[in-house]
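Mapping the sequence shown onto our numbering, position 214 (from 1) lands on 218, and the numbers just tick up by one.
Just so you know, the hints here were simulated from the structure itself, not pulled from any lab data. Any given hint could turn out to be false.
[Stated by the list, open to error] Mimicking PhoX-like on lysine-lysine, the simulated pairs with C-alpha atoms at most 25 Å apart in a straight line are: (1) Lys40 to Lys76; (2) Lys6 to Lys284; (3) Lys440 to Lys90; (4) Lys188 to Lys198; (5) Lys218 to Lys405.
[Claimed, not checked] Here are the simulated distance ranges between beta carbons: (6) Gly377 to Ser424: 17 to 23 Å; (7) Lys198 to His335: 41 to 47 Å; (8) Phe100 to Glu296: 31 to 37 Å; (9) Leu279 to Lys6: 53 to 59 Å; (10) Ile70 to Lys330: 17 to 23 Å; (11) Trp315 to Glu69: 39 to 45 Å; (12) Leu237 to Pro317: 23 to 29 Å.
Please read these numbers as outputs of a predicted model, since none were measured by experiment. Here a beta-carbon is modelled for each residue, glycine too, at the ideal position from N, C-alpha and C.
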Amino acid sequence: MKNIIAIRREGSGKRGEKRVAITPAYAKNIIEWGNKLLVQPSVSPETGHIKRAFPDSQYRKTGAEITEDISKADVIIGLKEIGAKKIMPDKAYYCFSHTHKGQLKNRQILKSFVGNRATLIDYELIRDEKDNRLVTAFTYNAGYAGMVDTLWTFGEKLKRNGIPNPFEKIPQAVEGDDLNHIIKIIKETSKVIKKYGTPEEIPPIITVFLGKGKTSYGAQEIYKLLPFETIALSQLPEVFSLGSRNKIYKLVLRKSEIFRLKPGQQMNAEEYTKLHVMEKERHYMLNPESYESNLDNILPYVSILMNCILWSPKYPRALSNELMKKIYRYHKTLIAIGDITCDPNGCIEFSKETWIDNPVYIYDPYAETLRDGFDGEGIAVMAVTNLPCEFSTDASEQFSKDVFPFLRKITNANYKGRLSDSGLPPEIIKGVIMWKGNFTNEFNYMKNLIA
């Protein structure tokens with residue numbers, strides 16, 4: 005027997021959370037490799053709700069033991085961050101801990117890991133030699149679910165405003181049986197748009213995607229199920245005035261289009277325009293303080309805004325409260341925002357975390373107030389923080405596929421000795437925040453977060 009491995013049940017308190025890190029199809033390998041496998045039951049004892057997309061019987065068939073008590077495990081595999089009080093001594097945990105950026109809400113978790121001499125390995129930090137993330141299944145699924153939920157938000161807001169529209173038939177992602185079921189509904193919506201068009205009460209529908217990463221790609225894959233046309237930034241005024249009612253429009257923006265050089269910088273506007281796209285991107289990354297948002301030139305034409313870019317405080321906001329108020333004073337075209345990235349008070353200053361059971365709020369740019377639900381003057385914002393679990397089965401299968409190339413070494417590693425002697429591959433070692441209660445060299449700065 006090499007290790008005792010446990011698969012943890014995910015958060016019992018949130019609607020829709022039925023994801024699992026290792027599906028039954030991959031779990032059987034853990035046992036074949038000589039490990040014992042414990043799996044917590046899918047039904048939460050606190051609520052009685054089913055909290056896993058795959059039934060216990062499928063894990064039992066692999067030879068796993070279904071048990072609430074996983075205290076005998078050496079390695080505990082989950083997804084979401086673990087409550088500080090649930091961290092057990094001398095265990096190795098795999099999860100998305102949301103700690104390495106210094107997130108305030110999870111600093112107590114770090115203290116608990118230290119106090120329990122536990123090991124913390126974060127999926128988000130598992131990377132190759134070029135520093136590319138290797139476990140990205142939820143990034144795509146966040147894009148899928150985020151786009152579905154934003155189309156649902158858009159349709160519901162129009163309906164509440166007394167405007168019948170073809171998007172009314174699209175449900176919130178969690179209400180669909182799975183991704184394929186939702187795709188069928190969106191394809192039916194596509195037929196309606198082609199035949200009957202979009203509402204005359206609003207301009208031709210233009211959706212702007214901020215960013216070109218994997219989240220944006222996932223969102224665009226859903227959007228492309230509708231009768232769309234891709235446009236360039238320069239086409240916005242023309243499409244806004246003369247665009248077809250029997251299609252919708254897509255504009256994907258790079259950072260060099262989302263942000264512009266501030267006046268009076270060392271590099272003047274004429275020099276900047278001569279740079280190639282990648283040179284502009286590089287200059288932005290190295291000199292973020294020299295830039296400001298360009299969305300005041302874009303949002304007057306846009307019905308839906310999809311935020312798919314990561315943000316940190318050293319960068320300018322794409323949409324501040326002040327800028328949104330300035331735009332909204334003269335242009336009320338923007339109806340819905342899908343903040344897939346969901347950095348509260350971040351890239352979109354008025355963003356806040358929402359959850360599947362209360363996914364939307366209305367932002368009033370005049371009063372700078374947020375009101376849960378769809379009612380009231382303002383813009384409908386969807387900022388669900390756990391979007392991938394709305395397609396729990398699809399997301400779990402893709403996640404397990406991402407992890408599988410490393411699974412044998414993860415489950416068969418030695419977690420008792422030194423990290424250097426563990427047998428973990430370099431990609432996984434990059435994700436080790438803490439080993440047996442001690443921060444690894446790369447994450448030693450985190451000591452200051454819990455001092």
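Lysine 218 and lysine 405 were given as a pair; does the straight-line alpha-carbon distance stay at or below 25 Å? Roughly 17 Å between the alpha carbons, so the hint for lysine 218 and lysine 405 holds.
Within 39 to 45 Å: is that where the Cβ-Cβ distance between tryptophan 315 and glutamate 69 falls? Holds, since tryptophan 315 and glutamate 69 (Cβ atoms, about 43 Å apart) stay within the stated range.
Lysine 198 and histidine 335, beta-carbon distance inside 41 to 47 Å? At roughly 28 Å between Cβ atoms, histidine 335 and lysine 198 fall outside 41 to 47 Å, so the hint is violated.
Has the given pair, lysine 40 with lysine 76, been kept, meaning a C-alpha gap of at most 25 Å? 10 Å, holds
Do the Cβ positions of phenylalanine 100 and glutamate 296 conform to the proposed distance bound of 31 to 37 Å? 32 Å, holds
Against the range 17 to 23 Å, how does the distance between the Cβ atoms of isoleucine 70 and lysine 330 compare: consistent or not? 57 Å, violated
Distance restraint hint 23 to 29 Å, applied to the beta-carbon atoms of leucine 237 and proline 317: Given a distance of about 27 Å, which is inside 23 to 29 Å, the answer is holds.
With respect to the beta-carbon atoms only, verify the hint that glycine 377 and serine 424 lie 17 to 23 Å apart. Check failed, 54 Å falls outside 17 to 23 Å.
Given the hinted pair lysine 188 and lysine 198, is their alpha-carbon gap at most 25 Å? 16 Å, holds
Given the hint that lysine 6 pairs with lysine 284, does the C-alpha gap stay at or below 25 Å? 52 Å, violated
Just to be careful, I want the Cα atoms of lysine 440 and lysine 90 compared with a cutoff of 25 Å; is the pair within it? 16 Å, holds
Given a hint of 53 to 59 Å, does the C-beta separation of leucine 279 and lysine 6 actually sit inside it? 55 Å, holds
Comparing the model with each numbered hint stated earlier shows that hints 2, 6, 7 and 10 do not hold.
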